[in-house]
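Protein chains in written order, with our numbering: chain A, 1344 to 2012; chain B, -17 to 599.
It cannot be assumed that every hint is accurate.
What the hints assert, rightly or not - Derived list of chain A stretches under chain B, where covered just means 3 residues or more per stretch with a C-beta under 8 Å from a C-beta of chain B:
#, segment
1, 1409 to 1422
2, 1432 to 1446
3, 1827 to 1839
Simulated from the structure, these hints should not be mistaken for laboratory data.
Ideal placement from N, C-alpha and C gives every residue a C-beta, glycine not left out.
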Amino acid sequence: MKKTVSLTINGAKIFVDRGTTILEAARQNGIEIPTLCYHPALKPLGHCRVCIVEIEGMEKPVTSCDNPATEGMVVSTESELLEEKRKQLTELALATHPYKDCLTCTRTGTCELQDSAYRYGCALPEQLERDIPAVKTADNPYLSRDEEKCIICGRCVQVCRTGAGRFVYSIVGSGVDTRVAPWRSGREVSMEDAGCIFCGQCIDVCPVAALSEVDREKGGREWELVTYPGICLHCSLGCPTSRHYSNGRLVKTTASASKGEHKWLCRKGKFGLNEDAGEENITGSFTVKDEDGVNQNVELKDALKAASESLKLIKDSHGAGALAVFASGQLSNEESYLLQKLARNVLETDNINFGAEPAWVEAFTAIRAIAGAGINGPGFNQLERAETILIVGSGLEESHPVAEMIINRAGRFGCARVLKTSPPTEDDYFWQHMDLSIFYGRETLLFSAISDYLEAGSVESGLEEIGFTAEDLRTISGLMLKEKSYTIVSPTFFKEAGPGEVDALVKMARATGQVAPGKNNILLLSGYSNATGILATGGTSYFGPGYIRQGDIDDTLQNQVKGILLFGSPPFDPEKVKDAFIVRVSGDRKEPGQEANINITTAGHDQKEGHFTNAAGQTRLNDTAVTNNTGLLNDWQVICELASSFGAKWSYASLDQVREEMASQPVAD
Amino acid sequence: MYERHILICAGTGCISSGADKVQEALIKSLQEHNLQDKVRIIMSGCHGFCEKGPLFIVFPEDVFYCGVQAEDVPELVEEYLIKGNMVERLLYKDPVSEEIVINHDKIMFYSKQQRLALRNCGVIDPENIDEYIIRGGYLGLKNALKMEPSEVVEEIKSSGLRGRGGAGFPTGMKWQFCLSSEGAKKYVVCNADEGDPGAFMDRSLLEGDPHAVLEGMMITGQAINADEGYIYVRSEYPLAIQRLRTAIRQAEEYGMLGENILGFGFNFKVKIKEGAGAFVCGEETALLASIEGRRGVPRHRPPFPAVEGLWNKPTVINNVETLANVPLILRRGAEQFASVGTEGSKGTKVFALTGKVNNTGLVEVPMGITIREVVFDIGGGIRFGKKFKAAQIGGPSGGCIPEEHLDLPIDFDSLTAAGAMMGSGGLVVVDEDTCMVDLARYFLSFTKKESCGQCIPCRIGTNQMYDILEDITEGRGKPEDVALLEELATAVKKGSMCGLGQTAPNPVLTTLRYFRDEYEAHVNEKRCPALVCKPLLQYYIDAEKCIGCQRCIKACPVDAITGEKKQPHEIDQELCTQCSACFDACPKKVSAVVVVSEGLKTEEEVEVCEEGCKCQS
Ligand SMILES: Cc1cc2nc3c(=O)[nH]c(=O)nc-3n(C[C@H](O)[C@H](O)[C@H](O)COP(=O)(O)O)c2cc1C
Ligand code: SF4
Ligand code: SF4
Ligand code: SF4
Ligand code: FES
């Protein structure tokens, strides 16, 4: 069978893959066909009929978004008739759209219906009487719906199913009273009750203002918004985002639609506007505790001086081993590199951890050792086409929601058998293939049983008494052996796991062939956003930059530490370091608390430029979104300042110089 | 040995007019006269003549009693069965000649019909598989099982059978597509949704001859290599569902359904899916979605169900009547089937004949019969001697065919060419008292509500059309509305995604085509020629005829009528709301209230009084 078809569009001969729609064929060749309901990331539904084209030999125009291009087709996308029909269709749509609101509508300027009305110079028809709610509803703090504006394009319904893996919306009612509403078991319910996870993807695809962010109103006209590419730092998936600013204020975040990458966000990425608003009046940015334990405001240089003097004093009297550097997992690769350099070369301590669970580090390095350097865990494109997905641990819907969406999609719409060791949740039964919750918290039993069976053929797992039969074992092992079988390990596993658990996991990975030289089908999800980047740049006590082995893990470490340099808010136990002297560097603009002796505030995430590496090994740049007018230094600059206050001779004029130095570091095999 | 068989129609129509009580009374009466061993009662499926039900036909002499009630039964038993005297008042009287017709097959209603699909309906006991088998049942299946799938498809192709569900797609071709689709699993789906509120041929078939449909499905299964079938039947058809269940059970017991059917190694199982869906659920892709448990709305085609159908597997979906024809073709051969009908449409079609004709009911006629024959011969002409105006054919989305086309031979293509369609097989006859604009409005009020709301032209366009029609019938129509209506109707017809939107404008387009003058009278002269559109009517009292009885005064809800007793009354045109209460109240013998539609005064005609206002006084 021929793989490509040739057709003529507007007189030009065009070759496209079989199965390409006429619309895609045209667009691939730079020919625009107007649309209202089509969205490139979604299955075409054919609701609006605006994308009609004329085809030779057909008595009436046909929709181009959902009809495949066929061999020899002769298509024309522009004609007086088509123009008139598209205008007519837009006018029809306007008959149920409150165009009187256009003046005050947030989507004015980017509304696809408005665009179409403008393009065709539509007359404004009388509004049809309809029986649908005329008021906006926001039954949640994230998303508000204005049903009057909905044009029933069906995109939200579609994206919720295929993007979020949920079934929140239904098209309900009939005739002119048709509407889109959150629906469960035959009745209208709140968004939450309909299973919404507030990922906001439906907002991003809505062509009109029927769906919007709750606080979007009056936040700035769409055409005033300035958009910066960014990376969501809420979890170790590091989804690319577009950040939209109005007058230096972040108004909304949307999923970035860059090609080849997954295009969705979760609630945290979409609505977690943790990025500083940049407008707070900052006082008390630099404090030093006086003898009575009261924070005193000082200048930056005094704070830096106080910090270096105090830490030096500790080093002199207790040795470098009494110093430690801890950072949150949201350091960029560049910051992590500089910070470890500060620790190792200036403070001369290996007591560093910038956010990575020990068990995760162990698993990561063990698998890296088998698969080889640069062989990364599976990306979303691969997971979506999976045959088997084993999920170890729980809580992905909280910690890594986009991963859960992908699994949902693979399970519901793809051909993946999903196995899960955590107790099933309400929505799972749709797609979960096998309930493995008997192994929850004791996954090692499962790992070992699979390894033993695959390596030694032993079905005697001794697990019958907990309800796991030899048949079950055979089934699971069979599924795990598939070419496209993947394991996803959640942070909850790493939080609890010790060396024994990690060994069992790695052994299973090897036995099933999920990990082999040159192959890595395991996605290890740390609870720390840039764990992968930090590990690679030397931000743990085990490895220097390039995974070059340094020390061993010393659990007793925190007990002996007398001086701590703290970056951001890493989790650590203040009880264990009660008497330690703490220098805290943070982009958090809130009034500093009592736990640190010295506080240094930095410019924060908005101004942060740097690379981040996600769990699948993809490294992306987070660009500065707004010009730094806070008068504060960026994190990396503070690290350099600290180094020089210790007397080190660092001379980085820009981050590029840091990057050059990083690139010249050796990398271990 | 039984001496007589009495067929009592147990179709839904006859049951609701009391057939089950007739049965009880008959059993009782037969026992009283100790005849229970001599006379056998058969509760049959629908005979199509529901209007005259309950029907009570005595064989072997074929005496046709109609409108029989339980209290008539003792008389029938004593007078007719025992003494042999005709009970004349219960015999059928021809509405035209007013002559009594004794025999069932001499009645015009039946004699012009050709009952192929309905061959067993009203003849056999549908709950007894033996009766079906005796009349040649399952022979078609046996023949099919001896053939290769492609041979079965060929047979259907050469029979010329076209789908009876509306669009008239060649059935053989559909099967061919599905047979050539790749896939180990395929499905056969029987569309028994019958969403047109006026149609009931599918229900009657399922109630009266369920095995024919099952056999048709199995033959389809053999033809396309499917081993599973679904019957999607509306839940409002409980009797049909019950009869189907019984039929499936009996067929399984007889080895006609299940594994290794008739020993040919062919497996087939049938499931029933009850649907409570809207009209649009009858559309094939919507129906499949509904079976899958999703909201029953159409989706874009291609892919066609024959390639990607139920659960994405190749699926043939056929209508009940289509499937009921299939066993006949396989039993008697394609040639015989093709000998009935026209060039492009073979066989027969069942219509639900209703409206202003004397005989209404279910009629099966050969393709090519003229509308005139259906209306005047089978239907017995227009009631009360009124004048025929149009036949609305094809259900809510059908078109109206006017008098000048009465001799149009009915088949798929001629109907489409005339702007109507075979559709659900609804055939509504309207007479001179019907306003065609109002009729179009009425049908659109149905389709606009039934639009699934997905696509813009259908969801919004039908509503805009409706609003215009409402304006016109309520006297607010503007001259330019007619052209606007036509434009919208064309946009909806050409632009909608599925058949619903594509056909919903038919009533409007055909009335515009054949009865444009009526539209123009409404908008230009504010006149409703058929005297239907209330706001365009005026009520007067003929002073000559009025006897001054004051009944109309009492009846008028807005006190628009004045007059002394025994003096002619008068209606105040300003107050009158055209409710017709006076017309109804005026004694028929007097008939002093007259209705006219003389046209509302237009702007220019309104006299301007001294004050300069336009108070119309
Ligand atoms: C709005 C709409 C309603 C329909 N309703 C029915 C129905 O009630 N019964 C039916 O058999 N076909 C119905 N159809 C036609 C089906 O889509 C389909 O063409 C038919 O079931 C195919 O069977 P056939 O080829 O045997 O006619 C409907 C189509 C449309 C567009
Ligand atoms: S926010 Fe996400 S989960 Fe909620 S309705 Fe929209 S797409 Fe679905
Ligand atoms: S809410 Fe928006 S995305 Fe959803 S159907 Fe309506 S217009 Fe389309
Ligand atoms: S034509 Fe009407 S019924 Fe058909 S898909 Fe469109 S809106 Fe739905
Ligand atoms: S874009 Fe094709 S129908 Fe809307």
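Exercise. Within the assertion that chain B covers the segment 1827 to 1839 of chain A, do at least three residues meet a Cβ-to-Cβ distance smaller than 8 Å?
Worked result: violated (count 0)
Problem set entry | Coverage assertion for the segment 1432 to 1446 of chain A with respect to chain B, Cβ distance below 8 Å, three residues required | holds (count 5)
Problem set entry | Coverage claim, chain B over the segment 1409 to 1422 of chain A, checked by counting residues with Cβ within 8 Å (three needed) | holds (count 3)
The structure shown violates just one earlier hint, number 3.
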